[in-house]
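K.L.:
Spelled out, the chains give:
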Amino acid sequence: MPEVVTTTPGLFPLPDWAKDELSELKGHQKADLISGDETGEIQEAYEHGRSEIIDRQREAGLDRIVEGQFRWDDMIAHPLAVHDNVDTRGIVRYYDNNNFYREPVVTGDLTADGDVAAELNAAGEQVDEGLQAVLPGPYSLADLATDEHYGDDGEFLDAVAEFLAGEIAEFPEVETLFLLEPSLVENAPGEGADERASEAIDAVASEADAEVVAHTYWGALDEKVYAHLMDADVDAIGFDFVADHEANLYNINEYGTKSDVALGLVDGQNTLVEDPETIAERIEWVADQTPSADFETVYATINTETFYLPYNKFEAKLEALAAVNKTEVEA
Amino acid sequence: MTREQFRPENHDNDNFLLTTVVGSYPKPKWLNRAQDLIEDDESSFDDDDLEEALDDAARLITDEHERTGMDVVVDGEMRRNEMVEYFAHLIEGYEFNGRVKVWGHNYFDKPSVVDEVEYDQEWLVDEFEFTDSASARPVKVPITGPYTLANWSFNEVYDDTEELAYDLADLVNEEIVRLVEAGAKYIQIDEPALATTPDDHAIVGECLDRIVDDIPEDVRVGLHVCYGDYSRIYPEMLDYPVDEFDLELCNGNYEQLDVFKETEFTADLALGVVDAHVAEVESVEQIKENIKKGFEIVPPEQLTVSPDCGLKLLPRDVAYGKMENMVKAAREVEEELDAGEIDVGRAAPADD
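Chains as they are written, first to last, in this note's numbering: chain X, 1 to 331; chain A, 1001 to 1352.
One chain only, chain A, in its complex shape (with noise of 0.2 Å):
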């Protein structure tokens, strides 16, 4: 198993509940207001200076998302304006013609495809490096898999998203050859098109198949996919070649869980125990109790706590009153692991 790594070296109990985020987290106010002033022709901010504003950015929530005593961190994902045009904007064969409509007034670059995509520059390492630099955790780099870069673009080229999603997947796999030269030991794959398109569920596992490939086995990679109907994908999704599967069922109110409870959970689960959506501080006994529904479908020592999705739409001292009550919960209830006082069974399956 990939996760006794990340175990720190004064970690206090037997049991390990591995901590974490999905990735984004809220932008400083200030980080936006830079990034306004660099539109602004009659500021003198240039860019250098939004560099120096990346970088104080990414420093100040890696060092948050360590003070609430995370295991393994991330920079928040500062340096990345949204989960697809950050990577369209750097792989070749993409151009950008202007905003489309989500709903209402908020709207997407959503980019289009009109060449055969090919790797040109480097996309994650500059970040990985320096947010292991500038933490003493384990780093996660959160890449958007290749199935949503091609599901949220438009296609131009390939005859459909199936053949683009595999050439971007070669993309996604030589990024992360290139992270693990660097020192990267845990990826996840962001799939949230997954979610909205269920059926393609095998297009998703070639795509992991080609992002794997030559990736050593100590490197953890996990997969994350929020808001969705998992009966349309489980448990098919446990043929996927990766360690850890990362779900949003806390929004749901758990209840979802039986979905998981039929076929034997064989990966990491890394769930959701605090939501995303909802600007309001969980308690640690709220916390606790969502930790210990992972418990009826994995045992300790395959369960990964995490928030249900990324941060980045909440305020940002309630995104951290999160963080520092799930770690709190979690070291609470490996305690309580420790002294035997949880029942750790995953339910038997029932007779009929």
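Here chain X stands alone, though its shape is the one from the complex (with noise of 0.2 Å):
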């Protein structure tokens, strides 16, 4: 019988005081989006939405607790927004989604600069234990961005997942790690490059003194991006069982997978909240359909970064979530 650990992918939508707060004191055009340096009522704010929200975490009772990343205007592709050697320029469509980041473009070597590591250690402060990092992952962090410095796409891929483990190298200490890689079914790498992608995470993986999951949604990976991925040193690979249950349940059962497992089982883009129950049932359903496999650890997850979601919808999902542990889950 699995162990069950619930958890998210982060990037949490703002609580509605935050997001009058915030659009008050920064504005609401391209040039008011965080560039890493804020300070005074800014910074405050942030620093009161982080505290609510390790708070809320920890009252729902889930198992991991992430710092929620409010200050991620451009969502996963932040911890380049903000880098100096990167311009941030038009605005541009967020994967297949109504939502828009700013296209980071790479002007100049990426140094690590410690901007995620600061938010985590500040969140450490208040987490004794359980504590979570969130990092794009270098694949998909490659692909938000355009480069106008390495010239090569190999050399970019290398440089960006350097430039994720310095800033890994800077972290408190976490109990877990997700890499969030929707990348690799969005715009799946091809012949060589899945090779690359997979090294890339290993790379940066073997950075971290956590256990480290790969975690991938809005579909399943091809066969052999699965495959290759596979290769890589994480613990766990995230799969997201509310877009497609079938073709990641092939890939499980095809190519097996890590010893512990993520499952995507609560819908980070819709409103309807799943019952505790029925999240359970679906852990059940997963273990059952998957004979070969003998998990070790599940982590229990919503399947994408919730920012989709009203607050109180976010609210209500996190509280079912962390639900779980609490009835009986047969696996």
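For the record, the hints were derived by calculation from the structure and aren't laboratory data. Don't take every hint at face value.
Stated by the list, open to error - Heads up, incomplete: computed chain A residues facing chain X, CB under 10 Å, no partners named:
id, residue
1, W1030
2, N1032
3, E1095
4, D1109
Said to hold, decoys possible - Straight-line C-alpha distance at most 20 Å; calculated EDC-like pairs for lysine to aspartate or glutamate:
id, chain 1, residue 1, chain 2, residue 2
5, X, K19, A, E1085
6, A, K1185, A, D1213
7, X, K19, A, E1039
8, A, K1328, A, D1012
9, X, K19, A, D1036
10, X, K19, A, E1082
11, X, K19, A, D1109
12, A, K1185, A, E1066
13, A, K1293, A, E1282
14, A, K1261, A, E1236
15, X, K26, X, E59
16, A, K1027, A, D1056
17, X, K19, X, D32
18, A, K1288, A, E1336
19, A, K1027, A, D1047
Don't be surprised by glycine CBs; every beta carbon is placed ideally from N, CA and C.
Hints are included, so try docking the two chains, each in its own frame, into the full complex.
P.N.:
Next comes the structure, spelled out in structure tokens:
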């Protein structure tokens, strides 16, 4: 019987007070978005928000607590968007969603800058156990950015991986690290690039002194991409069972998976709130359908980032997910 | 064809390029202030006052459109807050849970469908009747299309977006029947979501079949699809049961014009000739050049002249300047057409 660990992939929606306060303080235009050197009232609003959301997760009873990433105006492109050697240009569409982010254009060396580490360190001061870090995976981060400096796809990917590894080196002690890799599904790497993507993930994961989950969503990986990802030394791969359960089952049953697994079972893009029993049933269902797998740990998670949701439904989903461990899971 | 009915009686030229707006227009600042006051508990400003302010604004903008000389006017959508929210508030089955992020600190009160959608109260008949009475010109009624209403909502009930869109299409049809009964002759379905999910063009087609069901043939139905990759939906969209396609091409500097040349454009084309995202008024000369680009696709009798998209994000004086120059440019092009000074042959397909 696996241990069920309830968690999320972060990138939470701002509470309504923070939406109002920060839009008032920062403004609505492109030039008003976060640059990484905010101070004063803006910084205080983010600190207040961080404390609140850490408390909220703890009250709900989630097993892993994330920082919430309220500062990430550009969603998973954030770590580059605030970097000194990166220009932010036009507003471009975020995957297949009606959301937009600033296109980060890399114009110089991607030296480690500690932006993510700083917020995680601040979170760490309030979380005694179960702190989880969330970063974009190197393939997705490179995919969302434009390179005008390295000049070669492989070299750029390596530089992004090295940048993320540098960020991790400054992390406080964390239990788990989620690497978000939606681009592996949405813009799948082709021949050769698939292997490089896996190596880049491996390079980032090896820097982390934590359980590392390479989390994919918005569908299932192409077989070959999955087979290569299995070569990366991560502790678990994350599957989006909301978007596509059949193809994900196929990958697990055909190619096996790691001894731990992350299951995206709660829909981060729909307001319909799953009840804890439904989530528990979904965990059991996956276990039933993967007879050859014997999971040690199941990370039960929301499938995607959650900034898509209105705050009240987001909170309801956290509650439901956290309550899973209070219901009987027989897997 | 449905367009001749919109030719003004006193039209000076033999050629007629129908001029109109897409729909939305900048709100007068005092209307925004009035909407703030109604939220303010300490103010004595009440619902009747707001209604009066909305009437005034609708009258003002309709009149502003008329003053530009535009052939078909709209009230600038003064009564609508947002293109999905407005309708979702009127349709049974929707609920609102709060704002969600679009980008940065820009939010949208994205509604959830929590029950089967049903027609409850009228959406636009009052708006149409008011505008119609406020203007001697014909009035166009823009309606957010069912595919966009479905795609930009959370769907808690239906198996998929397609099923929801079809149910919503039936409601749009019901509203159009009422609008036609009230005298509306020109309906425009707005489907911006199609631009981002072009693979769903068949769903939009099925929606339109439902929308035009039992609508008399002399009612002009247009479809507005803003910025996107039109090659993904053309020429398939020509099968849609609409009279006119309203497209955003100016913003992309007409780079997509060639998309429409391979296959004959069999419907009317409402060509965007001024940019809705640039706060600078194009000159009459520039707009005339843009209008003439339309003749590479359709002859003058199939060309409608309009802005790229709704103008609501522009400063009001800029929006007015653009419309004034647009109408002027259209009239001058008509004169040149009458004088035989413009070659209007749709470019023949290349031999290869």
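K.L.:
For every hint, state whether the structure bears it out.
P.N.:
Going through the hints against the structure:
1. W1030: violated (21 Å)
2. N1032: Because about 14 Å separates A:N1032 from the closest Cβ in chain X, which is outside the 10 Å limit, the hint is violated.
3. E1095: OK, holds: A:E1095 within 10 Å of chain X, min 9 Å.
4. D1109: A:D1109 check passes; min Cβ-Cβ to chain X is 8 Å, inside 10 Å.
5. X:K19 x A:E1085: holds (19 Å)
6. A:K1185 x A:D1213: Answer holds: A:K1185 to A:D1213 is near 15 Å, not above 20 Å.
7. X:K19 x A:E1039: Satisfied, since the Cα-Cα distance of roughly 18 Å is no more than 20 Å.
8. A:K1328 x A:D1012: holds (13 Å)
9. X:K19 x A:D1036: Between X:K19 and A:D1036 the Cα gap is close to 18 Å, so the pair holds against 20 Å.
10. X:K19 x A:E1082: holds (19 Å)
11. X:K19 x A:D1109: Roughly 12 Å separates the two Cα atoms, so the pair holds.
12. A:K1185 x A:E1066: holds (18 Å)
13. A:K1293 x A:E1282: Since the Cα atoms of A:K1293 and A:E1282 sit roughly 15 Å apart, the hinted pair holds (cutoff 20 Å).
14. A:K1261 x A:E1236: holds (14 Å)
15. X:K26 x X:E59: Outside the cut-off at roughly 30 Å; violated.
16. A:K1027 x A:D1056: Given that 20 Å is the threshold and the Cα spacing comes to 11 Å, the pair holds.
17. X:K19 x X:D32: Judged against 20 Å, a Cα distance of about 14 Å means the pair holds.
18. A:K1288 x A:E1336: This hinted pair holds, its Cα atoms lying about 10 Å apart.
19. A:K1027 x A:D1047: Holds, at about 18 Å.
When the structure is compared with the earlier hints, violations turn up for hints 1, 2 and 15 and for no others.
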